[in-house]
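Asker: Sequence:
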Amino acid sequence: MGLDPDPKRLVFVGGLHRSGTTPFAKVLDGHPQVSGLVGTGVREDEGQHLQTVYPKAKVHGGSGRFAHRPEAHLTEASPLTSPANAQSMLDAWVPFWDTSRRLLVEKSPPNIIMGRFLQAQFPGSGLIVVVRHPVAVALSNKKWRRLTSTNPRKFQSLAQMVEHWLAAHRVLAADARHLDRLLVVHYERLIGSPEEELRRVQEFLGLEQPIEASRLSASHGDPYADRWASYESWWRPGGWQRRLIGSRHADEIAGFGYDWADLAGFSRPAGPLGLTATV
151 MGLDPDPKRL VFVGGLHRSG TTPFAKVLDG HPQVSGLVGT GVREDEGQHL QTVYPKAKVH
211 GGSGRFAHRP EAHLTEASPL TSPANAQSML DAWVPFWDTS RRLLVEKSPP NIIMGRFLQA
271 QFPGSGLIVV VRHPVAVALS NKKWRRLTST NPRKFQSLAQ MVEHWLAAHR VLAADARHLD
331 RLLVVHYERL IGSPEEELRR VQEFLGLEQP IEASRLSASH GDPYADRWAS YESWWRPGGW
391 QRRLIGSRHA DEIAGFGYDW ADLAGFSRPA GPLGLTATV
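For the sequence shown, this note's numbering gives the first residue as 151, with consecutive numbering after it.
Just so you know, not all the hints are guaranteed correct.
Cross-link-like lysine-lysine pairs, in silico, DSSO-like; alpha carbons within 30 Å at most [said to hold, decoys possible]:
#1 208 - 158
#2 206 - 158
#3 176 - 158
What follows is a set of in silico ranges between Cβ atoms, one per label pair, in the way DEER data are often shown [to be verified]:
#4 194 - 241: 15 to 23 Å
#5 194 - 229: 46 to 54 Å
#6 194 - 364: 34 to 42 Å
Since the hints were made in silico from the structure, they are not lab data.
Glycine is no exception: its CB is placed at the ideal position from the N, C-alpha and C atoms.
Work out the full structure: start from the sequences and follow the hints.
Answerer: This is the structure we're talking about:
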């Protein structure tokens with residue numbers, strides 16, 4: 151359908167690293183009316199790595215750090231906002247979309263704090279953010295980094311990663327009232343009630359056919375509950391971190407719908423991150 155897609159066809163997916171954005175984006179890409187970026191040759195087919203308009207998350211410290219950097223929070227006031235830059239971003243992404251499909255998806259973690267910028271660049275586009283329990287995200291990032299990096303400068307404690315989660319989601323909550331098309335999807339509901347949660351996504355995107363839920367199952371759930379529970383013992387290496395997170399952040403975590411002590415404890419919050427959708 152041409153090399154200049156209508157901005158209303160664009161759907162951005164964001165969410166902190168290890169929150170489930172990749173499996174979610176793949177499920178969307180499996181719908182006959184939706185195309186994600188494929189065959190890009192960059193990590194996780196993320197659009198941030200293809201474009202040259204805005205800095206990638208790693209420039210701002212990468213996973214576990216970028217949301218602490220004010221300059222990473224892009225809005226409509228950013229000097230990067232311009233028709234020329236919007237076209238440059240499209241030019242980087244279009245070759246990797248199937249533009250014959252109605253909706254075109256770009257997934258990158260930092261989109262969680264870039265919604266206002268993306269909306270200004272592409273009026274009428276949508277933003278879907280995947281949110282997952284902050285402790286699960288922290289534990290998953292710790293495991294991921296042990297497997298992928300031996301750089302001591304990338305070390306962060308569980309408490310520091312939870313603090314980063316809170317920083318990112320504070321920004322998202324504050325930005326929500328400025329976003330015309332925002333849907334917050336909770337990872338726990340994607341895994342526990344995939345048909346119901348994907349029905350919300352279908353309605354938000356205006357898709358005629360249901361989104362296939364078979365790729366989402368309990369196998370994608372959190373394998374970290376037992377580890378987190380084991381940290382209740384003071385002598386475990388993570389025991390101090392567990393107590394620190396509980397004493398400092400229990401109330402704020404609860405405000406986002408999560409029980410800091412129980413990875414299975416979730417109830418949809420009443421605030422901005424509990425919105426079914428803004429359309």
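Asker: Take the C-beta atom of residue 194 and the C-beta atom of residue 241, compute their distance, and say whether it sits inside 15 to 23 Å.
Answerer: Once the Cβ atoms are compared, 21 Å apart, the range 15 to 23 Å for residue 241 and residue 194 holds.
Asker: Please work out if residue 206 and residue 158 have their alpha carbons no farther apart than 30 Å.
Answerer: holds, 24 Å
Asker: Is it true that residue 194 and residue 229 lie within 46 to 54 Å of each other by Cβ?
Answerer: violated, 28 Å
Asker: Is residue 208 within 30 Å of residue 158, Cα to Cα?
Answerer: With Cα atoms ~29 Å apart, residue 208 and residue 158 stay inside 30 Å; holds.
Asker: With 34 to 42 Å as the target window, see if residue 194 and residue 364 comply at their CB atoms.
Answerer: Distance hint for residue 194, residue 364 is violated at roughly 21 Å.
Asker: Given the hinted pair residue 176 and residue 158, is their Cα-Cα distance within 30 Å?
Answerer: Status holds; Cα separation ~20 Å.
The earlier numbered hints that this structure contradicts are 5, 6.
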